[in-house]
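Trainee: Each chain, letter by letter, is given below.
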Amino acid sequence: MDMSWYLVLSALLFATGAVGVLIRRSPLVILLCLELMLNAGNLALITFSRTLGDEEGQVFALIVMVIAACEVVIGLGIIVAAYRRRIPLNVDELRALRG
Amino acid sequence: MKEICFFAGAIGCLGGAIAVIGLRNPFYSVLALIVHLISLAGLFLLLRAEFLAAAQIVVYAGAVMVLYVFVAAYVGNVEESLWEPIPGQRWLAPVLGLALFVELSIAIIGSGLKSLDTEGPTVELGFGSPEAIGRLLLERFLIAFEAASLLLLIAAVGAVVLAARRREEATS
Amino acid sequence: MDFQAPTIDYAGLSPVIALTAGLCIVLLVGLFRTAPGFMPALTLSVLAITAGLCIWQWGENESLVEGALQLDELGLAAALIAIFAAAVATILSIREPSAQDAGQGAFGALLLGSVLGMVILAQAQNLLSFFIGLELLSIPLYVLCASAIRRERSLESGLKYLVIGSVGSATLLYGFALLYGATGSTEFGAIAQALGSGGLADDSLVLIGTAMICVGLAFKLSLAPFHQWTPDVYQGAPTPVTAFMAVATKAAAFVALVRLFQVALGPVADDWNTALAAIAVISIAVGNVGALGQDSVKRLLGYSGVAQAGYMLAGVVVATQTGVEALVFYLAAYCLMNLAIFVAVVVRERETDRGDDISAFEGIGRSRPWIAWPLTIGVLALAGLPGTSGFIAKLFLIEATVEADYTWLGVAIVIGTMVSLAYYLRILSAVWIKDEPAPAQPPLPAIAGGGPLARLDGLEEGSADVSCPKGSAGPLGAYRCALVVGAGVICAAATVAFGVYPDPLVDWATTAAESLAPTL
Amino acid sequence: MIQVMLWLPLAAALLACLAPRRAAGWVAALGAAGTLGLAIALLAGFDSASAGIQHAVDEAWIPDLGVRYSLGVDGISIFLVLLTSVAWFAATTWSAIRMPERPKTYFLMLGIAQTATLGAFISQDLLLFVLFFDLMLIPFYFLFGSWGSDHPGREGEGAIRRSPATIKMVVYTLVGSLLMLAGAIATGVIAGDGTPVFSMAELRADPLGEDSQRWIFWFFAAAFLVKMPAFLVHGWMPDAYRVAPLAVLAVFAAVLSKVAAYGFLRVVLPIFPDATIQFQEVILVVALASILYGSVMAFTQTSARLVAGYSSVAQLGFITLGIFALRPDGADGAVLQMVNHGLVIVPLMLIMVILAERTGGDDITRMGGLALRAPVLAALFLVVTMALLAIPGSANFIGEFYILNGVFQEKIVFALIASIAMAMAAYYALRLFQHAMHNRKRDDVESKEIGWREGAIVGALVACIVGLALYPGIVLERSDESVKDTVSAVQEPSDEVAARR
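Protein chains in written order, with the numbering used here: chain A, 198 to 296; chain B, 72 to 243; chain C, 33 to 552; chain D, 5 to 505.
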């Protein structure tokens, strides 16, 4: 398999994630879409790591996994905190802040 | 053989991703993401990143997704309304996404890098093994490794801050 | 196992180590019940030690831990700015409801974590440290923004910041991946070498990768058109956090940006400087126009922050020594003047029930000179009027743009400044011209007539008390208020001092900028 | 000495903040008096035969940016420095007598304003000039805003509120100033080789290329025309004049507009000579329009403040006309006229304070009948009015004569039209005086003689006017060399142009 295939796949995943962030309104799903975008980045990193034959990209991807996990934890924490306070978390309804 | 594996992985991966953004029930979206993650781990294996594939399954698909499932269950799987506040956003977003994809594809296909059109160089046996990764982490990327562990600590503190039940709340 | 531990220069790494250790100590001590005011004092002392170590290492120039970080004056300058901002934020957070909710220990730990991220980011010399530094900076900030969990807006702002910040991170990551793929390395030096030697400069991977890096960083730096989150998050977050975020994030991220673009992407400068110039102009336009109609001072500062980021970006675009000097100078000046304003916002937020609305400031010129003067000086400096460091900073920037044949960018800065007068003056006119609304406050002591320098007849009679809400009067109250107001006064005094005698700060900025000299 | 003079007002004002409330005003007044003394000493030590900069101070300020702390006076600025000191001394003492509310901040602002204005007149570095020019405005923003009063406005229009009026003023003038800042930086960078050069002397010796001059000229001209204010960019003036506190307005009207005119002489003519010649007629047209518009507006206004305001527009038009005649006699007249006009405006405004207090407003149709009961006040007012209308024998007459003479030789049409405006000046000045003093006294008007302390201030100012009328040479002799030197930059090429035709 040419490496380009993997990269095109990762581009496709990235674009899918970006579309998801734009069209979905549930914060939970938006977090999932962020995962998609980060995973796309990871796939690209690992592909390049394979292409270049060095493992730096893999280490980078590993660190990104940690980061993604941390973002998820915080994001879910906020969602749960909001749910407990009965705050509707439909991202478009977060318009109390719009001026 | 490799081709078949790749396409199987790619279809699982992409199908999962599209299902994540396409399904209206957040709970199903979470399940779709699990499919996506497992397929992705398969692709990682094809790319000779064994350790990462394992980490992906154990940490991600295992631990993190469990968190998601719990939260989805806790918050309740409220169906999302189809009503859209900004008219046209629904079709505008895919257009933007398509543009992004085309742009990235141009970058990839238009690149003059020869190595992209090969299957990659032959690498020795230990490539992507826990040992190799671990050595890099402790030698060249020590700072990143330490910072990542600190980041986990901070995320834990953050979660505690966000989740802590206040006195007033407990009484009310 | 032939494991080779990297050589670590502990002296050079000491600021990072001190922050890490301090973070853990603050976190642990925070678990115990301590006297009120102890935790902030502990946090402050950690910051002070770190600042001391930074100053100790000033002048060193070396690569740390296998090229992960670069110890030089530029990084240390950003670190010092971030530490100063964190110190002021800590002072402001005493008795702040959100900090109480979170627990002062956790609040301090998160703040220190963010500062640590900034220090790493500002010194990062490879893509991996850069990315992890950026995340270490952002993730605590997401939590801090959401930390006033009793307020709906705070949670919203935290979530919004998280979502948009993560989109920015993901874009940046993808850009990094492409850059890594094209050049085969994550180290800035090696990337520059790869870009400089081969015919890579025009390769589509590099071009698109650079573009995605620009976009990702633009999200983080709140540059238009990726700025939409800024006013919302500024308004929703607890004010001490907003103050810290507005100032320190900019300093660290701009220094990292300039290092990434000059060192790693220097050979392809022609690819990015037009794009960055366009972003700068759009930010100046969008920020200034957006700020015009705002009634909330925090939102207004959010938009003005977008515009100011646009000005600062001009210093990166020109890619000259003077440009980087101007940028560092501007960052330091911006830190001082913004903090002076935020002190006033915090005080008024606690005193009145009008929050950060512009009407909360009406008439304070008469009744609260100790808050009104720092606020006024800060606003005048933001508007770039002479006699303040804001003027010198703009002067520096415009000179850098004209020198580098970007005169049109200089003119854009000037036009932006003109527009900005309209909204900055609204604040001043509320402070000095409008009368204080009738009800609310009890009559004030004689200090009402005092000028800014009426120190002698002001202080004993309780200028500190005057600026305090009733509720917190107590032994700590007066002391705390003196601290809060004092922070504002110091920032404002420094703003004026550097406006009249800018030499020390100019020298400082020059030294910092010289550490990039080989690549400029 | 020049440094002490520059910083003394600010130092005194800071000292006033530390002084007890009652004494604050007097401390500031003492500072103003000291400044005046130093200014007179400067004049005494002035060598009138030299055209160059005297009492020069030159030190590095921000070496990296090429900005120098460079001060000095020449035959033009020395009189404007003197005018500034006189005006501020009068206004500060006046305010000290009347004791505004929150006096400390008030006098601090007044002190900053004086230092900034003096700085603009004596700085010999282009950027330092711009800095002081911008700084000048800030204290006036606060003075107008905080100590001014909302004006009821004319019938049919709403009240004029302080806040928007002052914002309008600041935005208008700062827009100009910021353009000037950009222009100044561009000048320095283009002229410098590596490090920018802002020294006026060096810039003069080695002017920019014609293309650069052309656009930078307009950046500077915009700033100065707005500040004057000239016709079309005077929009901030009516509102700001109506809300301003009168004692402050006195110095504002007397001195700040002169900084703009001075800027033309000091910066534009020598540093951008080619562009000056090229755009001479455009500026002359603007000046003429200001004269006509100002005069016409001045005799239709009922607000005494606006009569003064619009007459200033006209007078500044005259001064600009004189400067842009680009001849020594025109510029000589312009310098004299700057001093004259400043000296006239201050007592006029102060008298206006008294009249406003007696009649409860600045509407001249409501004034009247003070001449009989308050002869001293009336007499002082008369002298001021006569000077304003440039009656033959007054220094203003000599100034206007010089200006017209200069313009006559250069552009005869402009001179003819401008002389019509002189007649108009007579009309509005007399109208103001007549309404205020003669007419029948209204019942609610309290006609009382001027108090001795106020009388002393106004009297001293009037004495200056009379003195200058008797011996205008005191200005002309000393400024002549510098003026010739300044104008010479634009003269030779101008003659060449004429010769080519």
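Hints are computed from structural coordinates only; laboratory data are not their basis.
Treat the hints with caution; some may be incorrect.
[As the list claims (entries may be wrong)] Okay, the calculated beta carbon distance ranges per label pair: (1) D:A15 <-> C:G221: 51 to 59 Å; (2) C:S391 <-> D:M103: 39 to 47 Å; (3) C:S391 <-> B:V137: 46 to 54 Å; (4) C:D539 <-> B:L169: 49 to 57 Å; (5) B:V137 <-> C:A67: 56 to 64 Å; (6) B:V140 <-> A:R281: 17 to 25 Å; (7) C:I87 <-> D:A464: 52 to 60 Å; (8) D:A15 <-> C:G518: 48 to 56 Å; (9) D:V175 <-> C:S229: 48 to 56 Å; (10) A:R283 <-> B:L169: 21 to 29 Å.
[Stated by the list, open to error] Residues on chain C that point at chain D, a partial pick, calculated with CB under 10 Å: (11) L232; (12) L412; (13) L417; (14) P418; (15) G419; (16) A454; (17) K466.
Here the structure is a predicted model, which means the values were calculated and not measured.
In this text, a Cβ means the ideal position worked out from N, Cα and C, and glycines have one as well.
Trainee: Could you run down the list of hints and mark each one as holding or not?
Mentor: Each hint, compared with the structure:
1. D:A15 <-> C:G221: 51 to 59 Å: Since the Cβ atoms of A15 of chain D and G221 of chain C sit about 54 Å apart, the hinted range of 51 to 59 Å holds.
2. C:S391 <-> D:M103: 39 to 47 Å: Once the Cβ atoms are compared, 31 Å apart, the range 39 to 47 Å for M103 of chain D and S391 of chain C is violated.
3. C:S391 <-> B:V137: 46 to 54 Å: 49 Å, holds
4. C:D539 <-> B:L169: 49 to 57 Å: At roughly 52 Å between Cβ atoms, L169 of chain B and D539 of chain C fall inside 49 to 57 Å, so the hint holds.
5. B:V137 <-> C:A67: 56 to 64 Å: At roughly 41 Å between Cβ atoms, A67 of chain C and V137 of chain B fall outside 56 to 64 Å, so the hint is violated.
6. B:V140 <-> A:R281: 17 to 25 Å: 18 Å, holds
7. C:I87 <-> D:A464: 52 to 60 Å: 58 Å Cβ-Cβ, so the 52 to 60 Å window holds.
8. D:A15 <-> C:G518: 48 to 56 Å: 25 Å, violated
9. D:V175 <-> C:S229: 48 to 56 Å: Because 53 Å falls inside the window, the suggested range holds.
10. A:R283 <-> B:L169: 21 to 29 Å: With a Cβ separation near 38 Å, R283 of chain A and L169 of chain B fall outside 21 to 29 Å, so the hint is violated.
11. L232: 33 Å, violated
12. L412: 7 Å, holds
13. L417: At 6 Å from the nearest chain D Cβ, L417 of chain C passes the 10 Å test, so the hint holds.
14. P418: 4 Å, holds
15. G419: 5 Å, holds
16. A454: 6 Å, holds
17. K466: 7 Å, holds
Violated hints, listed in ascending order, are 2, 5, 8, 10 and 11; each of the other numbered hints is respected by the structure.
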